[in-house]
Structures are given as structure tokens and as C-alpha cells.
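*Asks:* Those sequence lines, one after another, are chains A, B and C.
At position 47 of the first sequence the residue is numbered 47 (this note's numbering), and the sequence of numbers has no breaks.
At position 254 of the second sequence the residue is numbered 254 (this note's numbering), and the sequence of numbers has no breaks.
At position 185 of the third sequence the residue is numbered 185 (this note's numbering), and the sequence of numbers has no breaks.
Just so you know, the hints here were simulated from the structure itself, not pulled from any lab data.
Warning: the hint list may mix true and false statements.
[To be verified] Quick list of in silico lysine-lysine cross-link-like pairs, PhoX-like style, CA-CA up to 25 Å: (1) B/K474 x B/K548; (2) B/K4 x A/K84; (3) B/K4 x A/K153; (4) B/K2 x A/K156; (5) B/K2 x A/K155; (6) A/K84 x B/K2; (7) C/K242 x B/K433; (8) C/K150 x C/K223; (9) B/K377 x B/K423; (10) A/K153 x B/K2.
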Amino acid sequence: MGVRISVKVNERSHTAEVEPRLLLVHYLRDVLGLTGTHIGCETSLCGACTVLLDGKAVKSCTVLAVQADGADITTIEGLARDGKLHPVQEGFWEEHGLQCGYCTPGMILAGAALLAENPGPSETEIRRAIAGNLCRCTGYQHIVNAIQSAARKLKKSGGRKV
Amino acid sequence: MKRKEDPRLIQGLGHYVDDLSLPGQLYAAILRSPHAHARLRKIDRSAAERAAGVVAVITGEDIRGVLGTIPVAAALPELKVPPHYPLAIDNICYVGEPVAVVVADDRYRARDAVDLIEVDYEPLPAVTDPEKALEKSSPRVHEQFKDNQACLWKIEAGFPDRAFKKADRIVRQRFLNQRLIPVAMEPRGVLASYDPGPELLTVWSSTQIPHLLRTQIAAMLNVPEMRVRVIAPEVGGGFGSKLNVYGEEALVAHLAMKLGRPVKWMETRRENFLATIHGRDQIDDVEVAVKQDGRILALKCRLTADLGAYHQLLTPAIPTLTGLLMLGCYKIPAVKIEYVGVFTNKMATDAYRGAGRPEATYLIERMVDLVALELGKDPAEIRRQNFPKPKDFPYSTPTGVIYDSGNYEATLKKALELAGYKKLREEQKKLWKQGRYLGIGLSTYVEICAMGPSSAMPAGGWESGTVRIEPTGKVTVLTGASPHGQGQETSFAQVVADELGISPDSVIVIHGDTQAVPYGIGTFGSRATAVGGTAMFLAVQKLKDKLKRLAGHLLGVDPKRIEMGEGKLVVKGKPKKSKSFLEVVQAAYVAKTLPPNFEPGLEATTFFEPSNFTFPFGAHVCVVEVDAETGDVHILRYVAVDDCGNVINPLLVDGQVHGGIVQALGQALFEEAVYDENGQLLTGELMDYAIPRAWDVPRIETARTVTPSPVNPMGVKGVGEAGTIAATPAIVNAVVDALRPLGVRDIQMPLKRERLWALLEARGS
Amino acid sequence: MIPASFEYFAPRSLEEALQLLAHHGTEAKLLAGGHSLLPMMKLRLATPRTLIDLGRIRGLSYIREDGGRISIGAMTTHAEVESSELLRRRAPLLPETAAEIGDVQVRNRGTLGGSLAHADPAADYPAALLALDAECVLTSQKGTRTVVAKDFFVDMLTTALQAGEILTEVRFAADSPRTGSAYRKLHHPASGFAIVGVAARLTLDATGKGSAVSVGITGVAPKPYRATGVERGLLGQTLDAKRIAEASAQATRGVEPLSDLQASARYRAAMAAVFTRRALAAALGRAQKQG
Ligand SMILES: Cc1cc2nc3c(=O)[nH]c(=O)nc-3n(C[C@H](O)[C@H](O)[C@H](O)COP(=O)(O)OP(=O)(O)OC[C@H]3O[C@@H](n4cnc5c(N)ncnc54)[C@H](O)[C@@H]3O)c2cc1C
Ligand code: FES
Ligand code: FES
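Turn these sequences into a full structure, and let the hints guide you.
*Replies:* Here it is, written out as C-alpha cells:
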């Protein structure tokens, strides 16, 4: 018993018939093949599955695909524009904001969502904004540095929409 | 230099196991025991077999005599080894033990069918407390053994009993090093596929040890090893939890062969908590003999290790590392250690970041603080007094290891200066008077890295490295180490590029695929750079010699006069006389003008066997304030001065240090795997088991001293575990120090708020 | 990780939702933000036959003020509450509380109505709703009724919602002059929920005496409660740090605190007093600032 949904993912429109219980994260990964969005838990705590849903950071493991019907979604694969990395992606690269990389897509999207709302966050605000994203490798310091560096860049370039 | 692995990872283009899909792929889901100890009476799988999409349901009976047991590589005297199958046969010994596996055409339907399997268990009494398990009256985890003692290991050296008689004071303490759950952010996962034409079984697994896994899978499945290919794709963190051979790895491979279709299994986080190895879980009863002046004469320890129900790859060996490192960075002449390994109805423990060494460092660093307290001395002073001096290196410890190089005073001095130790102590006195609890904790540590000489390792301690200069002058490096976040794709490329005088962009580092890479041991024990890097470094030296010989031949000069320049090979002192790197490389492949007895091509492999471990060290200072009303610990400062020998890429080293410290902080403050007396895991999800979040951790101040290791030509030591090893005692020492005015001398980890609050309250703060 | 199958409806109007709810009875569950329900379904602790998604109904998400009364639609997300300018001015207790819920992603999806209806004993909002003397508007095919917050929370995971009812709105009075409020929370280190959460609101009269004092406490007992013992100790009194400290000692009078791995009953009780004092002290400071 499928339900028809239409979503825009990374600027591309998709229509599909899905089981109502299909989680958005599985729709993105298994149906659309966008495997950059990861899964790290079943209790909605790790944030590895974070994507932007109508511009807001959400845990795609805790959204049904049917709930996303009509929504505009950005995953890590769609963050770079015209072959240019998003400043938060650049920040992660330059400041060594990742080790194993598993938490990274979710972290980057959480960081991008933060900067879209608050272009000059304090360290405390950054740490609060990524509190829903667990990283077991980095100890977070380089992640914070990465987001700070992206904020500085965005300020210089006069901002950029995600 | 920015990491080469990052562009793919920051764009979601890396491939972890679950990101791979093969045509016709099936999904496996596992039914696990809800009981800690039970007999399996009957399994009714008929409903599951009939369910939509289900292809097969397999139980222990189906693998009896078909799949071998899960291997243990540790050899210890009188080690009891219970048979450990990928699916339980007859008996269940811990909650989470696999009972049956469903294979279906999609992951949702596989999961649905798991609920349809009916199992009749006969529950048996369980034991979860290791000390109770050693009592005569205890239920036995394995009926075939007369008791629950799994092994016994002892060290004695330097006449400890005599030393204790000579002591002015004896300081005793019991430490519980609680059970932890590694929680790599990527759970485990396996994808297997069998190609009947070439008779090739390919297994993708989230593993730290692809080659060892291949050997073991071949053995468990009884398939010739050359017909097995193991690939560790992108691995989302390991911390030791993927330094293992798991039943699921063999099981999924077996299913793929049996069903003739690719099979994928992804662990859920709950399964990860229940059935991926745990770490630590030791009780250490320690006593030290001290002289009034502060010298420590001897240490005795009875170490009781809760090993869980079965052995995984290295389970019983981990506490022996605790034993080897127990004297820490101190010149303590006598020692007596007795380690008892105990079976309980829990998941196996094994190597979790630091593997045995954090336990050692914790107990010795806590003991040194207790000695300082006992003698009324400054903990920094006691440490200094007992350090071996720089001239003492290489320093042989009574536990039988040889510390390669060190200057412990220098790191401590630097750390104290950075922290402003004197001022902090003054500040502390002031705040104490105001009823505020500021504490300063030190930890000076040494650790065993670069595992290690093969003589000391259960399954070989060498590593392989291959360097191949391609005909176009680009370079492929193959390393047997299997990095998964540590950044060796970058640091190895950096080293090779430097040696050859080319750009790191021209170098690629390949790892993790047994078909591409010569046999290797893997990445764990902070060995990838010091052992794997050295193998690669030596391989590149072979190529440099070859290039020089050839360039000399082409230029008509003695090869001894050739040196490597930027993109060229130059005659010493005659900068104009040179051949470009590419010209020489091409000459080696075209092979028309080679010197006599010169093999064409440019590829070299080295299997490097280190002569010793390396021994990084350092000094950490932690400053905390304890909230007198709530028991909350606020970390105000954290200063880490580490010495890991020569450093290839400082940013990567900092990253390792930060990550390690934060994992240690987790253990010090909140992590604890709690089983109830029936063997149910009460902290079975991230909802209950806290790992540090961004807002829990302070900004860490790092610095370094550099004491190169003489053990390898690059002088590197390794840094993957330093933070985890050093920081736990630093934090606990700080908190205990903060509460000193209350007469507190020890607090059991984790330092939960309530625990501290109870101390504050009891002493009427 | 994978929920069991269910039948899914996405009604476009409240009437349609009520009809579906009446039709499917107890087999059906309402789906709001899904941030309590979906995790339970993924662990198969909840296996509803039918889900009725409130997310497509227009007009259930709003924050408005009308004659000093504030009303908030049940589908308003935590993030919308947190960032509402109106609330920050007129009832800052609620945005301050919302900001303490879970994490950014949770706040972007979770809803006020869902949180209240779920009635987790460690949820944050209930403390604030109690302190605000809010009323909940429950709508069914029979019509609407209002229940005051105190009566809405019946027990652990149990509310006054009857079969066929949907929580549609929450209402309360905006702050009067010389009112201060604060929410103070002791987080569970793993889940982030409240081990203790205290919402306090107080109003000073011209002489600095407490003319209205309300304290809502969550996390401590099976259901959130008003700390009436504390309130009585402060009403009509000149408020200062000492008085507040004395009164806060009554934070758990008449309740039996919960006990779990993270906090024993004794610790919870002690923390209830500490956080009550901290919340009241902050509220007093804010009230005094308004002069
Ligand atoms: C990782 C994580 C951390 C969290 N941390 C916190 C925290 O710190 N503090 C906190 O308070 N909460 C926390 N939550 C819970 C969160 O606030 C939820 O969003 C909230 O409890 C439920 O709201 P919802 O809109 O998501 O409801 P849903 O999950 O959709 O529904 C919850 C229940 O309420 C019923 N329901 C929903 N809406 C209505 C309605 N209008 N009328 C009648 N019944 C209805 C549903 O049928 C269901 O039974 C956390 C959740 C997660 C996943
Ligand atoms: S997968 Fe962990 S929060 Fe979504
Ligand atoms: S980089 Fe490995 S979990 Fe964050």
C-alpha cells in the first residue's frame, strides 16, 4: 500500500510511491542512492542522518518519507554549488574537522543551518548548535574551529544562502 | 597540509559498508537472546520462513559442523577457551548472543520476520559480578569448566615483599575501572558476495584488520584463503571495537555462499551496545611501598578482569598490557602482579582505545596522587622524584619492557608552566576558603605504542609497505595498515613525496583491500605510522637507491654522487647536471639503458619488524570546579603536553589528542555500561549511555616536546591513544583534589554528579 | 531502526482528522512532530495500526495574543516557540523552556501539542505550562473543552485526553508588569531530558512583595506538579535570596521523587530544591529589573 510523494532533493524533483513506514533517511539512501547521509542510531540521538528540510536541520531517521512530501531537502551531496564547496565544507577540510568522516555530513549540515540563521555565533552557540550531533573521533574542537572559520569566510564574502 | 581523504568525506562521496549495494542483494537481520544465560530448547522458525520476502532463516543447528568457532589469538597459561559460535548452539551466555538470522529481500521485511521467530529458552541463573563469579557457589557461565576463572597470569620482579618490609608507609587503594562501550559512530556492517565462476568470496567489512580477518574467515568457512578477498571500505571509527573477528563476518559470508546472492547486514545501535566488544572492566587492588622522602619502592596489584562470557580476538590478553605498563613513568624497582580473568554472563571485553594501558595509567597516576596526599607533598614533586632521568634511557622496567627514549621532567615542566600551576594552587587556596571547590589534577604518563615486535604480539607485530612509482611518475603506496580516520592517506603521501622530491598530489595511498595490498596487520595500538609508516619509508629508500643508481648510470657518474632534488636527481655540487625525476622513472620502465644487473620497474615492498615498541609520554593538567550544590564537574582548563617523537603532521596529531582526551573525559565523568544482576544491559542505547557532546567538553590546550624514538628511522612514536590514556586520571585527580578539604581521597568512576553530591552532602558542605 | 507497518492518513482539516480518529479508535495514533512517537516505533515499543498525520492540517500552528491572553496552536514547533518575538516579550518563560528541549534538530520537528500529549515525566514544557497556569484546549467531534494544565497531566505518559480528542491549543495569560520568570534544568547526560526542571514565574507588587508566585516542576515525580509548598512560602512576602532559599526547601513536599540510574530519589529531591531556588532567584532578578 504505497503513498505517492514528491520531493525536491538537492534541486532535483523526485516522485515515488513509498511505504508509509519508510524513513526519510532510507528513502534518501536506498531509493535515491544518496548515501552521504549516514545512520548511527535508532533513538534519534546521534545526528549522523541530519539533512536540511526546507532549510532547517532535521534528523532524517525521525521523519517519515511521507511527512517530507512536498518538501525541499538538501543533503551533503547538494551542499557544494557549481563545483564550489560550501564554506562549512571548506572549514572542515582546512581545520581538520573530521577524522573517520562518519559524523561529518550531519555536522556540516548542522553547521550550515546554524550559520544561515546566525552568521556570527559564539563558541558556546556553536557547541549548542551541534549538541545533537555526536562525534567520537575529533573531540569537537576542530569542528568548532571549522564552523568559526566558515563564519569568518561568509562574513567576508557577504553571506551565501544554503 | 590538508587531508587527502577529506574531499570525498565532506561531500558525502565516501563509501562505508552500508553505502555499497550489489545487484540482487539480500539483507540479514539477527534475532538475539533476551536472556543472559539459558539453554536453547526449541526454535520455531516456520512463521518467519513463510513471511513476505524471506529467503532463509538460519539457526545454530544449521551451522553446526559447518562454520568454525570465533577465534581467540591470545595465548596465556591455562587459558580456558569455551567454544564460541557465530550462532548460539545449545547454550546462551549473554544478552545479545545471536540465536537466528533472517535473510530477506529488503531490510524492512528482514526486520519484520525476526519478530516471527519463536524461541523456547530455559533460563539459567546468571552471574554478572566478577568477584561473585569467582566464589564456589556461583553459577558457572560454562558448565564444562569447573569454575569461572578463565586465566591466571603473574609477574614478580625485584623482591617486592622485601621492599614492603622496608617501607615507611604503605598506601592501599581499590580502583574500579568500569566497563565501557566503544560506540564508534558507524556501527559494524558486513556485505558479502560469492562469485562461483572464479570461486571468489568477497567480504566488505567495517574492520580495522582486513588481512587478519581474511585469514580467519577462510578458516571459519573452510575456504582456501586465496579465494577470499576482504575489503575494509571507509570505516566510521573503530577504537578497537573493529579490531576483531566477529561471528557476523563469517555468518554473512557463509550466507552469501549458501544462497548464491550478495547479503548485507548492518548492526543497529542496540546490537552495537549488546554485541560489539566492550572495554575495560577491571578491579585493581593496589598497594605501594613508599619511603618517607617520597620514593616508591614497590607496587603490588591484584587485577580482577571481567572478561564477559566468551573470548573475542584478544580478550584475555588486554589486562596483560595493564600489567606491563603498571609502573607508569616511574622508576619503581619491585613489582608483583596477579591477574585473574573471569567469565561472567556479559558481552566480551577486548581492546577499546588504549586497551589495558588506560587501566594501568589510571591506577598508577591515582596511586601517585595518594602517595602525595599521604606524605603531604605536592603531586608534581612526587612525580619528579620518581621519574627515570633522561640518561636512564633506554630504561628497562621490572615488568620487562624497555622504554625507548624519554624526558619526563621536560614535559611536566612545560605542562605546569602552560597551566600556571603555582598561581592555580594559590587560587585554589583562596576559593577553598570561600567554600568553592577548585581542583588541579596531573597525569604524567607513558604508553606502549607502535605495536609491536612480533615476539610480543599474538598475531605478528610487523607491517608491510609497498611503494610503486608508475611509468608516468605518479606514485602508488600500498599499506598493510588499515587506517580509518587517522589520516595516513595524507601523512604517508607527505613522507613519500618528501623523500622523492615530488608533490603529495602525485601520490595515492591504498589500503584495506587484501587483493590490492600485500599482507598486513592493521591499524590499532597506535602502530600505523610508526610501524606501517616505517615499512613504507624503508620501501621508498629502496626505490631511492634504485633511482640514484639509474640516474648515475644515465649521467655517467658514481651513483653515490647523486642526490634527490625537487623533481629531479642531481649530481652533488653540480646543480646543472641532473636528470628529471620523470626521465629516470621512464628509463626504468623503457629498460633500454639500464646498468648491469638492474631490474626494470620501480616497485619495492618492505615488511618492517620493529625491534621494540615505542613509548610516547606526556604530562596533562586538568583544572576543574565542582558545583558544591549539584556535584556537577566543570572543566575549566585542560592542558596536554605530549611527546610522540617526531611529528609528520601537527594538525593530525592534535586531532588524535583531542579525540582521545574527550573519550577519556567520557569515562571519567559519565560513561558506564551497567548490567543488572540478571545480565540485562541497562545502558543499552544512546538514551542511557552518555558519550560526550560538544557542549560537555572544554577547549583543549595542546603543546609538545619532541624526543625522537630510536626504534624506527623516522623517529616517530604514535599518538592514537595518548589522550585516552592520560586524561582519565588527570580529570579524576583534579576532582579528588578539589574535594580534598572534605577529606576525600578517592572517588569511583564515573564521577557522576550524584556521587560527588553525596560526598559533599555527607561532609556537610 | 525499522517501524512496523501501519496505515497512513494525512487529513487536510481538523474535521477530517477527528473523523478518522473517531473511526479508527484506539488502533490509531496521531502523528505530530514524531519525535517521541517515531523513536518508539523504530524500537517497536509502539506499533500503531494507523497513523493520522496532523502535519498537513492548516491552522494548527500559530502564536498570537488577544487581550492579554496568548494562544498557541498545538502543531507549533519548539523552534517556533523558542524564536517567537511575541513570546519573548510577553511570556519569556516559554521560549526559555523550549530552548532547553533536546537539540536543534529535535526542536525543529517536535511540537508543543506532541510534547504535552506524550506527557513524558522528564519533558520540559509541562513545568512551564504549570507555572503559566495554562489551559489546554481539547477538541473532539463533540466539540471542545478546556482543561487546566494541573488537571491535564494525569500520570506518567497519561493525560486527560480522551479517545477521539485532539489537543488543539494552549492558552495562558501574558506576563503582567513586574513579572519575572526563569527555567532551570539539570540535564540527563545521555538523553538530554530533565532530571529536574523547574519553571518559576513571580510578580512583585509595588512594595516588592510577591503578589503571584508559581513554580512548576518536571522530571522529579511521575507527573509534573506545582510546588505549592514553595509558592505558599513566598506569596505576600518580601522576596529576597534568603526567603527564596527557605521556601525552595519545600520543592518536593508531598511528592515521591523518582529513582533511576542517573539520580536516586534523594538526589532528585535535593536537586529539586536547588533548581527551584535558582529558578526563583533568576525570576526575582528579572522581575526587579522591570522596576
Ligand atoms: C533526541 C531527542 C531528545 C529529546 N529531548 C527532549 C528534552 O530534552 N525535553 C523534552 O521535553 N522533550 C525532549 N524530546 C521529545 C520531544 O520534545 C518531542 O518532540 C515531544 O515530546 C513530542 O512532540 P512531537 O510533536 O514530536 O509528538 P509525536 O512524537 O508526534 O507524538 C507524541 C505523542 O503525542 C500524541 N499527540 C501528538 N500530537 C497530539 C495532539 N495534538 N493531540 C493529541 N495527541 C497528540 C501522539 O499520538 C503521540 O502519542 C526529545 C526527543 C528526542 C528524539
Ligand atoms: S541516525 Fe542517529 S539521529 Fe538519526
Ligand atoms: S569524525 Fe569520526 S565520528 Fe566524527
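*Asks:* Does each hint hold? Answer for all of them.
*Replies:* Evaluation of the provided hints:
For a cut-off of 25 Å, the pair hint linking B/K474 to B/K548 stands: about 17 Å separates their Cα positions. Between B/K4 and A/K84 the CA atoms are separated by roughly 17 Å; this keeps the pair inside 25 Å, and the hint holds. Distance check on the hinted pair: B/K4 and A/K153 sit about 22 Å apart at the alpha-carbon level, within 25 Å; holds. This hinted pair checks out: B/K2 and A/K156 have alpha carbons roughly 22 Å apart, not beyond 25 Å.
A hinted pair counts as satisfied when its Cα atoms are at most 25 Å apart, and B/K2 with A/K155 qualifies at roughly 23 Å. Distance check on the hinted pair: A/K84 and B/K2 sit about 17 Å apart at the alpha-carbon level, within 25 Å; holds. Pair hint C/K242 plus B/K433 holds up; C-alpha atoms about 22 Å apart against a cutoff of 25 Å. Between C/K150 and C/K223 the CA atoms are separated by roughly 10 Å; this keeps the pair inside 25 Å, and the hint holds.
For the suggested pair B/K377 and B/K423, the alpha carbons sit about 17 Å apart, so the restraint of at most 25 Å is met. For a cut-off of 25 Å, the pair hint linking A/K153 to B/K2 stands: about 18 Å separates their Cα positions.
Taken one by one, the earlier hints all hold for this structure without exception.
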